[in-house]
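Hey, can you piece these two chains together into the complex? The hints should help.
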Amino acid sequence: MILALIGNQNCGKTTLFNQLSGSKQHVGNFPGVTVEQKIGEVRGQKNCQVVDLPGIYSLRPYSEEELVTRDFLLNQQPDGIINIIDATNIERNLYLTLQLMAMEIPMVLALNMMDEVHANGGTIDTELLSQQLGIPVLPISAIKNDGVSELTRMAVETAQKHRTPTVYDFCPAGPVHRCIHSVRHIIEDHAQSSRLPTRFAATKFIEGDPIVKDLLDLHRNDLDAIEHTIVQMEHDCGLDRNAAIADMRYNFIENVCRVCVVKCRESREHIRSVRLDKILTGKYTAIPVFLLIMLSIFYLTFNVIGSFLSDLLEMGIDGLAMGVDRVLTAYGLNPVVHSLIIDGVFAGVGSVLSFLPIIVTLFFFLSILEDTGYMARIAFVMDRPLRRIGLSGRSIVPLLVGFGCTVPAILSTRTLSSRRDRRLTILLTPFMSCSAKIPIYAFFTAAFFPKYKVLVMMSLYVLGIVIGILCALILNGTAFRGKPSPFVMELPNYRFPSLKSVLQLMWEKAKDFLQRAFTVIFAATIIIWFLQTFDARINLVTDSAQSLLAAFGSLIAPILAPLGFGDWRISTALLSGFIAKESVVSTLEILMGGAGLSGLFTLRSAISFLVFTLLYTPCVAAISAVRREMDSGLRAAGVAIAQTGVAWIAAFAVYLLLGAFL
Amino acid sequence: MSWLDYTVLAVLALWLGFSIRWMLRRKKEGKCLSCSGDCAQCKYYAEHACRSQK
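These protein sequence lines map, in sequence, to chains A and B. Counting in this note's numbering, the first sequence runs from 1 upward without gaps. Counting in this note's numbering, the second sequence runs from 1001 upward without gaps.
Extracted from the complex, chain B is given alone in its bound form (with noise of 0.2 Å):
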């Protein structure tokens, strides 16, 4: 394994660690993972929004 294996690694671990980050926090947030419907019209994005607001 050279320096520019390392390094291709190192930016492929990052990218699913922001991945993994924004996965957590979208959950966290209430909104769905695999939802790719409108997030305005779901329940839990108007939690989210109710509970940010108060």
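Okay, chain A solo, but in the shape it has when bound (with noise of 0.2 Å):
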């Protein structure tokens, strides 16, 4: 049996689908998290599965998380329904229950958050609710999980028994309801064959949705017959199409609920949230507030915690590594074993270890903006200055997503409704500077900018940023010309984070770091030791310069030589970035072996490497992310190229200026 989970965005879908399933999927605080279906098995239940679907308002096949719900229940058609709803806000939910209704499968209403409805003196009569609507209704609190079992039992019983909604007419006699029932007269037939249910299918033809036009697959004199009975619906009502259906169906919720609900009242933690809007999302203050956090989270995380942290870990790693290096030496072990442990794998391995600390500290403040519903304010803020350049607000989400690694967000500009804006954003996410790219910038700011870390971090993201906007403006004037599509989206009160979700987003940082580097960054390191140790003939090197890798890293040096760092040990870290960003920093450690990074690099150049590494190629896993998207290889393969030029260009005219001044 499979049920599907469909409500509004950000009403609590994916937390509720973790109290069913008992799995652990991130849940965000601000909408668009959810972007395809996800699987899990219904705690308690024999064979029975829930399907946590993105967050949509209709039915409409307007963006792709609409397309993906609509096309699930059309195609895989479930069992049954879960369709959860933020009661605080039920008006605007019950919209899209109506559709639901419409598609004749068994389906519950989970009235959620219903903890804070009570708490802000506001009552919902389930029971009339149910009658009214011909289905089950039950209040649940997700979050505490309060009614979720009673939830799972009347949802699989409703799917089992196959009770389908039994109102399904939500229009008085008039003409929306005569048009509606016409449509429906002459579709009845064409319906049925394309197992389209007929009600839904009349409503969404009325409302022009091309995917069901075409399904239905009409006679000339049927489409001549509907649309005159459309324009005379039109006509009698004296609003549009749309507009008389949206109206026919906010009639009926407004009726319901004049019956069956009692508004609460506003919640103090609106009433707090509204105060803290003035400042955080002010027309003057909003920009200079989220800079101010950005600059104290950087401060924290690379100056304070984050780094003694990573001193600390850094003082063991090469505790370990001399404790090793006198054992191995005492034992008499052959050199280039013993070169294969202390300068291959502790070298590699060992340097992109100690950055751990670093990344769980910067995510431990990101996770905590994202759940007090600070990162959706930063969407709403952002969404008039990208507008300016062409982009839509709601490209924010992938850009935001972006700043932690780039293939999900790459996915998420499936949320983004035009073609245009998706493959803009495609194109503009990996200018955000993602977690991997860390170790590099914390490497080179120790090395070279002792004092100035948080500065240096922070011009690197704003660079990017600039960069990225740059780049939005010359395509928004020549190859992506054209209006970005509305963002609409919903703010979220305030609230305490919880300490849950933020250790849990820490872990699974923490985790998937160490399972790299003890894996791809473990293999990279080898294979590159390997390549720097051997010449072509497997024959030992006394000189690295001479060895297979010189051979590869001196056919690359030469384009990097404008640039200040033509060295082929520069060249081959740079490569070996093209699998995972942190073996930049590995290989280079093997490469220098032991001597510091002043030895290839002078100020200036380093300056130049880090603005290059800022904006080259981002890693296979995002390109071919890339390629999927676009459904293209040659695309992907331009977008790597194309942004590896913009990074050349951009190093070459920091390099250049640095000239003048260093």
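Calculated from the structure, these hints are not laboratory results. Take the hints with a grain of salt, since some may be wrong.
[As the list claims (entries may be wrong)] Residues from chain A that face chain B, not an exhaustive set, calculated with beta carbons under 7 Å:
| hint | residue |
| --- | --- |
| 1 | 331 |
| 2 | 334 |
| 3 | 337 |
| 4 | 450 |
| 5 | 519 |
| 6 | 522 |
| 7 | 526 |
[Unchecked claim] Computed beta-carbon distance windows for the label pairs:
| hint | chain 1 | residue 1 | chain 2 | residue 2 | range |
| --- | --- | --- | --- | --- | --- |
| 8 | A | 658 | B | 1002 | 50 to 60 Å |
| 9 | B | 1002 | A | 466 | 55 to 65 Å |
| 10 | B | 1002 | A | 323 | 16 to 26 Å |
| 11 | A | 645 | B | 1002 | 50 to 60 Å |
| 12 | A | 631 | B | 1002 | 54 to 64 Å |
| 13 | B | 1002 | A | 321 | 53 to 63 Å |
Even for Gly, the Cβ is constructed at its ideal location relative to N, Cα and C.
Written as structure tokens, this is what we have:
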């Protein structure tokens, strides 16, 4: 048995999904977190699965989320629907409920956040609401796990007994009623042969849904008759077809709520949020406050907590390396094996590992920002500036996710409704510096800017954003002319961050980083060590400049020479960064063989290198995500080449500019 | 080369073998090798979840 979990954005779907299935999906406090469907086994029920679908407001195929949900309902045909709604905002949420009811699938309605409704003096007569809608209605609090077991039992029972909604006619006698029933009559046979619920197909046809129109494949005469009926309805109502259908649904909802709902007063959380928003989203204060918050986070991460823990870990790793070195020397280990362990594994994996605290600390702060509801405000604040550069406000979600990792960021562009917005955002997302680059920045700033770590880190992030903006402006005026689609989002109330979700995110980050360090980075380290220790005839080399790796690196080095870093070791490190960005650090560490960065870089070339690594091609996983989303290997290759080209130009410009001062 | 050299090399080879197995398995499951992002948001992760449930 399959149950579909459907609701508006930010109404607690993923929280309920986690409660139902016992899984630990990331719960975002801003819209667009769920892009694809996720499946989990329902706890305590045999052969029963629940599918978490993206948050939507209607079943019109405007955005990818709506398409995913609609396709699932029409093609997968789940046994039942759990429609979760935010009970504090019941009128708006019921709009989707009415459309789901027209699908003629057994469903139950879960009134989430009922604890908040009661706490603020409101009530909802669930029995009366159930009668009015013709479906079971259950009050729950997903976050407190209240009423979830009763909801599961009811959803399973409704699906098993195939109890479809008993109310499906929402329109009182009048022009809309006449129109829907006439269209329904005309399309009935076609809808049945296309396996579409007739009421759903009729209303969607009236609303001009292109997919339903294609599926029904009506004759010319039928189309003319339907168009005539719709025009007649528009004339009689004085509203266009979309407004007339929406008006019909909202009138029904209004009548239902009038008898079933006692509205709650404005909650304390909302009053507090409105007060805070006067500053945090104020016209003149929003951006300075945002910059101040980010500067504080960077300061605490790179100068205080993260760097302190990182130094401690580095001391521990160095101590361990020295101990192992002594033991291996005492036992007279073969010099090549000794070098593999100390110069290869310890230098490579150890150097990357020491940056773990910095990444965990940064994500600790970012998860707090998200959990409090501030991340959603950032999206709101950035809407206007983004529109000025030709991006949709919705693009902020992928761009923000891009600071963590480019791969999910590119995937989350599916929430954008227009192809133009999606492609433009995909092209710009890699300019947002991903967390895998943090070890590179930290490695270089510690060596060249020990007193100005925060400033340099912040400047790099800002530079990535500025270059992204410049590219957006250029693309908006050339290859991506057009208007961005509108952005509608709901701002959640501010709340105290949940310790559980913050710790969960930190643990996920740490686990992922450790797994990669001991597998991908370890394998890369061994390969790099091997290639720099042996020549083409697998003879041991005394000077790594004669190694196999030097031969590869020397091919690319001349291209990078104008940027100030034409050494084969640096080009090799950059190449390894294509597999995983952290590899740049481990490769440099191995190839430098204990010498400091100053042996390879001057201050000028170090800055140029940082700019290049900030902007050059994202890793192979991100490029393959681009290929999937753009549906073209050629375009993905184009993105990688263009990105590297931009990086080269920017690094060259910085190198030339610095030549005047340094 | 002493027995200790061979032991150390064997341990490293085993580690490398496990790493490659982990990477291959991860790739087979449709997960990314070099993505440090949130797997729960990833299409590959979701697709794998769907496949394994079926």
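Hints, one by one, checked against the model:
Interface restraint check: residue 331 (chain A) against chain B, minimum CB-CB distance 6 Å, threshold 7 Å, status holds. The beta carbon of residue 334 (chain A) is positioned within 7 Å of a beta carbon in chain B (closest approach about 5 Å), and the interface hint is therefore held. Here the hint on residue 337 (chain A) is kept, as its CB sits about 5 Å from the closest CB of chain B, short of 7 Å. Here the hint on residue 450 (chain A) is broken, as its CB sits about 26 Å from the closest CB of chain B, past 7 Å.
Checking residue 519 (chain A) against chain B: minimum C-beta separation of about 4 Å stays under 7 Å; hint holds. Satisfaction of the interface hint for residue 522 (chain A) is found here, the shortest Cβ-Cβ separation to chain B being roughly 5 Å, below the 7 Å cut-off. The interface hint given for residue 526 (chain A) is met, as the beta carbon of that residue sits about 6 Å from the closest beta carbon of chain B, less than 7 Å. Restraint check, residue 658 (chain A) to residue 1002 (chain B): a C-beta distance of roughly 52 Å satisfies the suggested window 50 to 60 Å.
About 58 Å separates the C-beta atoms of residue 1002 (chain B) and residue 466 (chain A), a value consistent with the hinted range of 55 to 65 Å. For the pair residue 1002 (chain B) and residue 323 (chain A), the supplied restraint of 16 to 26 Å holds, since their beta-carbon distance comes to about 20 Å. Between residue 645 (chain A) and residue 1002 (chain B) the CB atoms are about 52 Å apart, so this pair conforms to the stated range of 50 to 60 Å. Hint check: residue 631 (chain A) to residue 1002 (chain B), Cβ distance near 56 Å, so the stated range 54 to 64 Å holds.
Evaluation of the 53 to 63 Å hint for residue 1002 (chain B) and residue 321 (chain A) yields a failure: the beta carbon distance comes to about 22 Å.
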